[in-house]
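The task is simple: from the sequences and hints, build the whole structure.
Protein chains in written order, with the numbering used here: chain A, 1 to 421; chain B, 1 to 291; chain C, 1 to 276.
Wrong hints could be hidden among the right ones.
Mimicking DSBU-like on lysine-lysine, the simulated pairs with C-alpha atoms at most 30 angstroms apart in a straight line are [said to hold, decoys possible]:
1. K95/B to K5/C
2. K102/C to K186/C
3. K5/B to K186/C
4. K8/C to K264/C
5. K152/B to K231/A
6. K125/A to K302/A
7. K9/C to K264/C
8. K170/A to K46/A
9. K151/A to K106/A
10. K50/A to K125/A
11. K95/B to K104/C
12. K65/C to K46/A
13. K95/B to K264/C
14. K50/A to K264/C
15. K8/C to K5/B
16. K151/A to K181/A
17. K50/A to K222/C
18. K102/C to K5/B
19. K95/B to K3/C
20. K199/B to K282/B
21. K34/A to K181/A
22. K260/A to K152/B
23. K222/C to K131/C
24. K46/A to K222/C
25. K133/A to K317/A
26. K63/A to K50/A
Hint data in this document are derived by calculation from the structure and do not stem from the laboratory.
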Amino acid sequence: MRNKKAAGIMAAAMALSMVTVLFNCEEVHAEGGKTITIAAGTGWVKDIDKELAAKYEEESGNKIEWQISPDDQYENVLGSKLAVGEGADIFYTRSGTTINKYQPEKYMMDLSEQEWVSRYVDWAKEGTSYDGKTMQFQTWSVDGWGILYNKAMFEEAGITEVPDSYESFKAACDKILAIGKTPIYDPGATQWHLGVWLGELTTQIESDNAGFYAGLNDNSQVFAGQEGLAKALDQLAEMEEAGYFGDDFMSNTWEDAVAKMASQDYAMCVTYTTFPAEVEAVNPELTQDSWGMFPIPLNDNKVFGTSAGGIGRCVNKDTEVSDAVYDYFEFLSRPENLTAYYDARLDLGPCSFTDIPGNVPAVYEDVVGNATGTGLAAEDGILYWDNTQVGNLIQAMFVGGSSAEDVLQGIDDIRQPSFGE
Amino acid sequence: MYKKKFYGMRFIVPALILYTVLYIIPTIAGMVISFTDWNVTRPGIHFVGLQNYANIFMSKGGPYLASLKHTAEFTVVTVILKTLLGLGLALLLNKGLRSRNVFRMIFFLPYALAPLIIGISFVSVLKPDGPLNTILRSVGLEALVHSWLAEKGTALGSAMAVEVWRMAGWNMMILLAGLQMIPDEYYEASSIDGAGPWKQFWKITLPFLRAPLTTVIVLNTIHGLRVFDIIYSLTGGGPGGLTEVINTQVFKEFGLGRYGMANALNVIIFLVTVVIALGMQKALRGKEDNG
Amino acid sequence: MDKIKTIKKLKLLIRFLFTAACSCLILLPIYFIVINSLKTVEESRYLSFSLPASFQWSNYIEVIKAGSLIRAFGNSMLMAGGSVIICIVTGSMASYALSRRKTKLNNFLYVYFFLGLIAPVNYVTTLFTLKFLHLQNTYPGIILEFGTLGIPFLVFLYYGFYEGIPRELDEAAVIDGCSPFQLFFKVIFPLLKPATITGFVLNFLGAWNDFVTPLYLLSDNKKLGMTNSIYNFFGEHFNDWNMIFADIILTIAPILIIYLCGQKYIVSGTAGAVKG
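Structure, rendered in structure tokens:
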């Protein structure tokens, strides 16, 4: 008897849910206009994107359909959907060399003729270009990763000069230890973040001998034997041994970084320049002025490596609704919508369009002032560089006892098959 | 004569069509891809013969051999622990206890949860300042406190433990089913003959459990060799590749767009699994036929 | 006599206590999830066992809204429910013919189905096949795919059960003038309730818990089920452990109910499977 009842309830629930779902489908078809599908990773689409999309739907009568995948699955899903010819009308990818990873000739629409291209700032235009053509509509920011430090804590520890060499960096860490704080919060469990360390330092090699990236990208150059990078990795291992990252270093995750820096138990962290705004949201005592930033000084580096502008939207070459997509981009590129977007995105810095300034954070000026120059970091400058994979190799150096040279050789081993025979 | 009419192909055909079209054809197509250099980052697909396979076995100390090794370790340890714990629980909950149904439900519960969800939850349970270490500290076992998923000595072991946690109850269920098919008279008769519980276990219980034990061992082996979700959601193969198994490696190759290599790894794990599963079945079942 | 009884009782008590202690290993993590799902964000950050200062039931309402969980629930029900019906009907029929009539071809087909328990699923080629059939990114496509993935296990599960049903029953029904389909659906199939319920519950769980397949075969976020929505939710709210745990509870609650309804049959259901 009880089972019959349960089965009845189950069947009713199932029938009900099926009707609900089918009804919802009906709803979509009832409206006119075209449907634009957009594929992205979870972390790339915020509330403001959905708000602007809703506003656009209202204005145009077109429909936006989101295809959002978890960040760690996104590249896999995107690659296979493109391969099968099932790509979304708009798909997000990183700007810079990452564009090369998705066969731009075959899968991406040339957007050079669009009106908004003329309003791009230089770095945005450069970062979204492939072979002289504009491939992405980008509303992000050029930014880079440097060592963010808590000014008050540096003062308390008696560090008067911003470290500009490995020796002075180490001395600063020792002074922080002496006042009973942990010098650096580093998320050792988050592989990509370890990759960022090394990815910043390749910038220096490129600026010292131009052509290093070009050689890597046409596969005439390798990482193995790069003494500067090997030295930086050895120094990284030395810092870990000296306890500068704290006890639970390898369990730390990037997701906790904001909270940890807000707690003021740590003096430094490798972050991007808009990070202080996120800390301020958690702990209002720490304002933008509480922080300074300098380039990662391993191997005595003084160059600040930046992105090619962040994340951009590509248009699928096979899309059947290109007019609607262009229309949507035109809508997003209007100054009032750009303003709304950048006002909501405190994690973004300068705007990619000349119309509005965006948010230029104080530490951005600071780190550029502390650097002797800037250049593209590995992620956006070196083809087939993958921060997660590089971070995995660096983790092996910490827990598996491999050497700096093993890490560099490992990077070559990962990149090599992607070039083919 | 009626056999052909009453048990004809029309019963088989619907399943056969679905299974062939939506499972076997894509799988075979995948195997064919393993002989090519298909890479989403490059145009064109070329036949490269056994090149991908050669790369897997030739790269000394490379990631592939290490992940094969981890997969083997993971499989051996989890098969033993799952089977033994499952058997222990089944014996405990077979008869006697009035609350046995509630307990059975509790132990089987983890199997109903998505491995992904178990992974996300255990990441927090196993954090250095998480509940497991809190408990260890509060009972004075300070020495056992670890950064479970971040240390060389404990990362793979922790993943194994979570997998055993998830599957022990499932083993229990199948073995319980086997225990309930043993007629009580056997035990009664041997009691009269003066056999103790230990002797009864060896002489009656174990021989009767041969078929269900075979089933769980074979299925545990298949699960072990194909492990992905639990490792992926706990450690992602890290730290430093210490928990990398074949299927997390497949996932990575896939992410790099190297479909040829990803499929070659898939084929290897498939062949190894088939050989081991069929071999085990033959070894474990064969004896039964003779006896 | 009394002494023996006391010893027996004592032994039973020890066994009970031991089992209860073991079950704590299962229940503690689950208690941990439940208790943390009812805390504020700040409290949940400490990941402790302590009770919340006040129970935040509103977490659940917020999660339902933020994760569009009602729609996701409907999707999951549709996909898991639909696919289970497909694989039970086709799987039980195929297994029936394979088990009753053991020709060389049928024995080969049994192994052919068995390989499906081991073969890797290739999402790229599967997506390609579905696209060829114009079923990509549709409910029927994913339901058929989930149903297909369940077939090997059901063929395997039912196979042993049919052995236990005497053939005389078939013969009697044939003499009474049953058609082949009447014989199967009216006489044989109703006898297999334990196998059917076991297959139903296990495949329902499988489809409900699978997050990779929908990731590739369904593009539209509005069609995703509960397990995928929690994955996306985890990506967006990675620090709000209270919300994540509330989402977890909501995702597993429906399958626990289904499991509890079918629990009685699972032991006898698996019994049939191991005979084969």
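Evaluation of the provided hints:
Note on K95/B and K5/C: the hinted pairing holds, with a Cα-Cα distance of about 17 angstroms set against a maximum of 30 angstroms. Of the supplied pair hints, the one linking K102/C and K186/C holds, its CA atoms being roughly 23 angstroms apart against a limit of 30 angstroms. Restraint check for K5/B and K186/C: satisfied, since their Cα atoms lie roughly 17 angstroms apart, inside the 30 angstroms limit. A C-alpha spacing of about 28 angstroms is found between K8/C and K264/C, which places the hinted pair at or below 30 angstroms, so the restraint holds.
Taking the CA atoms of K152/B and K231/A, the gap is about 24 angstroms. The hint holds against a cut of 30 angstroms. The suggested pairing of K125/A with K302/A holds, with an alpha-carbon distance near 26 angstroms, which does not exceed 30 angstroms. For the hint linking K9/C to K264/C, the alpha-carbon distance of about 27 angstroms falls within 30 angstroms, and the restraint holds. Restraint check: the Cα-Cα separation between K170/A and K46/A comes to about 39 angstroms, which exceeds 30 angstroms; the hinted pair is violated.
For the given pair, K151/A sits about 50 angstroms from K106/A by alpha-carbon distance, which is inconsistent with the 30 angstroms threshold. A C-alpha spacing of about 25 angstroms is found between K50/A and K125/A, which places the hinted pair at or below 30 angstroms, so the restraint holds. Distance restraint check for K95/B and K104/C: the Cα-Cα separation of roughly 42 angstroms exceeds the 30 angstroms cut-off, and the hinted pair is therefore not satisfied. Between the alpha carbons of K65/C and K46/A the distance comes to roughly 16 angstroms, so the proposed pair stays at or under 30 angstroms and holds.
Simply put, K95/B and K264/C have alpha-carbon atoms about 16 angstroms apart, close enough for the 30 angstroms limit, and the pair holds. With a C-alpha separation of about 47 angstroms, the suggested pair K50/A and K264/C falls outside the 30 angstroms cut-off, and the hint is violated. Between K8/C and K5/B the alpha-carbon distance is near 58 angstroms, which puts this suggested pair outside the 30 angstroms criterion. Using a Cα cut-off of 30 angstroms, the hinted pair K151/A and K181/A holds, with the two alpha carbons roughly 14 angstroms apart.
Restraint check for K50/A and K222/C: the C-alpha separation of about 14 angstroms stays at or below 30 angstroms, so the hint holds. A distance of roughly 14 angstroms separates the Cα atoms of K102/C and K5/B; the hinted pair therefore holds under the 30 angstroms criterion. Our distance criterion of 30 angstroms between C-alpha atoms is met by K95/B and K3/C, whose separation comes to about 22 angstroms. Distance restraint check for K199/B and K282/B: the Cα-Cα separation of roughly 27 angstroms lies within the 30 angstroms cut-off, and the hinted pair is therefore satisfied.
For a cut-off of 30 angstroms, the pair hint linking K34/A to K181/A is broken: about 57 angstroms separates their Cα positions. Distance hint between K260/A and K152/B is fulfilled; the C-alpha atoms sit about 25 angstroms from each other, no more than 30 angstroms. A distance of roughly 19 angstroms separates the Cα atoms of K222/C and K131/C; the hinted pair therefore holds under the 30 angstroms criterion. Taken as a hint, the K46/A and K222/C pair is honoured in the structure, with Cα atoms around 17 angstroms apart against an allowance of 30 angstroms.
For the suggested pair K133/A and K317/A, the alpha carbons sit about 14 angstroms apart, so the restraint of at most 30 angstroms is met. Restraint check: the Cα-Cα separation between K63/A and K50/A comes to about 12 angstroms, which is no more than 30 angstroms; the hinted pair holds.
The structure is inconsistent with the numbered hints 8, 9, 11, 14, 15, 21, although it conforms to all the rest.
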